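Position chains B and C against the provided structure of chain A, taking the given hints into account.
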Amino acid sequence: MRETDFNVGKFFAFIFVMIIFLFMISSLFEEGNGLKLDPTLKDIKNRISYFHSLKSVKESERILQNYNDFSRYREIVDSAKTITLNESKDLENGSANLVTSIVLDYRGFDTLGELLVLFISILGLTIILSGLSFEKFKEPSFLQITGVKFISPFITLVAIYVFLHGHLSPGGGFPAGAMIATATLFSLIGYKYSYTISILKIIESKSGFLIVFLAICGLYFTGSFFSNFLPTGKVGELFSSILILIIYSLVGFKVGAELSTGIKTLYDGEKDANRQ
Amino acid sequence: MIFWIFIFIFVLSIILSIISILVKDLLYSVLSLALLSLITSILFLILNAPDVAITEAAVGAALTTVIYIFGIRRTKREDE
Amino acid sequence: MQIDNRTLYIFSFIIFLIGVYGAITNKNLFKILISLSIMETALNIFLVSIGYISGSKPPILFSGMKTISPTNINISDPLPHALVLTAIVIGVGTTAVGVGLAIKLFNHYKTLNINRMGDKDEL
Chain A
1 MRETDFNVGK
11 FFAFIFVMII
21 FLFMISSLFE
31 EGNGLKLDPT
41 LKDIKNRISY
51 FHSLKSVKES
61 ERILQNYNDF
71 SRYREIVDSA
81 KTITLNESKD
91 LENGSANLVT
101 SIVLDYRGFD
111 TLGELLVLFI
121 SILGLTIILS
131 GLSFEKFKEP
141 SFLQITGVKF
151 ISPFITLVAI
161 YVFLHGHLSP
171 GGGFPAGAMI
181 ATATLFSLIG
191 YKYSYTISIL
201 KIIESKSGFL
211 IVFLAICGLY
221 FTGSFFSNFL
231 PTGKVGELFS
241 SILILIIYSL
251 VGFKVGAELS
261 TGIKTLYDGE
271 KDANRQ
Chain B
1001 MIFWIFIFIF
1011 VLSIILSIIS
1021 ILVKDLLYSV
1031 LSLALLSLIT
1041 SILFLILNAP
1051 DVAITEAAVG
1061 AALTTVIYIF
1071 GIRRTKREDE
Chain C
2001 MQIDNRTLYI
2011 FSFIIFLIGV
2021 YGAITNKNLF
2031 KILISLSIME
2041 TALNIFLVSI
2051 GYISGSKPPI
2061 LFSGMKTISP
2071 TNINISDPLP
2081 HALVLTAIVI
2091 GVGTTAVGVG
2101 LAIKLFNHYK
2111 TLNINRMGDK
2121 DEL
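Chains as they are written, first to last, in my numbering: chain A, 1 to 276; chain B, 1001 to 1080; chain C, 2001 to 2123.
The hints are simulated quantities; they were obtained by calculation from the structure and are not laboratory data. For clarity, every value in this text was computed on a predicted model and none was experimentally measured. The beta-carbon is built from N, C-alpha and C at its ideal position, and this holds for glycine as well. It cannot be assumed that every hint is accurate.
[Stated by the list, open to error] Selected chain A positions facing chain B (Cβ under 8 angstroms, derived; list incomplete):
#1 N46
#2 V99
#3 F134
#4 P170
#5 F174
#6 A178
#7 L185
#8 I263
#9 Y267
Just chain A, with the same shape it has in the complex:
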C-alpha cells in the first residue's frame, strides 16, 4: 500500500514538472509576453554593458544630464572612445578585465552586500552548530602528511597569483578565497597542529574594515561610493589600477578567512573551535 502511494506521488511529480517545462518552453517561442528573444540584443551596442566595456559611464551620464533626453542615445554611443592594450592611459579605471571593472568599480556596492551575505551565512553556520561536539577524525597517515606538505604551498601560491592579477587575467578575489580555503582544508587534514579561529577572525575583520574604509575614501574624494580615486596607469600593466588591486586582495583574504572558518567549524565542532 505504502509502496503504491510512493509511486503515485512520483508520477504526479513528473507530470507537474513536465507541465512547468511546457510552460517555460512556450514562453520562449511565444510572440509578445514572456521571455522574449530580442534580436537586437545580438549586438552589444544595444546592451547597458556597452558603456561599462568602453569605460565611458561618466561621460555618458554627463551627456544624458545635458540633453535630458534618451533619443540622444546614438550620440552617446558614438562618443565612446577606443581602448587599446598597453597604450590607453588615465581611464576611469585601468582594468583590462572588464568583468573586474564591473564587479569592483561600477557595481562595487553589490559586491559589498555579497560579502555581507557570505559573512552572515558563515555566522549562521557557527551559531547553528554551537553546542554540538563531534567525534574526532582519524590521525593523519604518513602519506597524507607528506602529500599535504608538498601541495599546500603551491595552492597558496596560485591563490596569491590569482588575486594579484585579478584585473589582468580571469580570476580575482572570489576564486582566490576559495583556493585559500582549500589550502587551509589540506592543512587541517594533513598537519597535526593547525590554524586557529582567532587568527581568521582578525584577518576577516581587518580586511572587511579596510574595504569599507577605501569605499568611504572614494566617497570623500570623488563623490561616489566605491569610486576610483587613485591614478590609473596604462591598461594591461600590473599597477594599472591600484585601487582594484588592493580591494581584490582584501576581498580574497576576507572570503578565504570566512570559508576557512566554515570548514574549520564543520571539521572540529564549535566546542573545539572556541577553545582556540
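Below, chains B and C alone, put in the same frame as chain A:
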C-alpha cells in the same frame, strides 16, 4: 566541432544530474554533483566566461564537495 | 555550426526541472540540498547564456584582442558574468548553512528522512 562538444556537455550533464538525484548512496550523489560542476565550468569557458569558469571550478568542485562530505561523515551515508 | 541562445535556455530549463523533481520527490535532507545545488547551477548557466553572443570573444583585453572601440567591439556581455561570479560564492555559504541544519536535525531525531522526523514529538 564546437557543436558536438556542446551536445556532449548537454548529454553528460543531464545524465549526471539524474544520477545525483536518483542514486541511494549519498557519497556517489555528491561526487556526481562535483562532476556536474566541472562539466559546467567547461561550458562556461566555451560561453566566453573564463572568470565564471575559474570560480566554478575552484568552488563547485572543491569546497561544496568537501562541505557535503563533512556533513555526510557526521550523519549517515545511506539514503533511508 | 553556431549554437543558438534558445538551445542554451532550454538546456538550463531541463537541468533546473531535474532539480525541482529531485527536491519534491526525495525524502532525504541531503538529497534535497543536492537538488537545490543543481537548480543553482542551472540558474548560473541561464544567466551566463543570456550574456552569450555567438561568434564573440571573452570580455578581457589580452594579446589576442588588443583593442575595443565603438566600431570594433566583438565581446560577450560582461554584466551577467559579474552577477554569476558573486552568486556562486554565496551558494557555498548557503550550502554550508543547509548542511549545518541537517547535522543539527540528525543529532536531534537520529534520522535524515523528513517523514520520520515527526515520530518523536515530545521536544
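Practice task
Return the numbers of the hints above that this structure violates; sort them in rising order.
Solution key: 1
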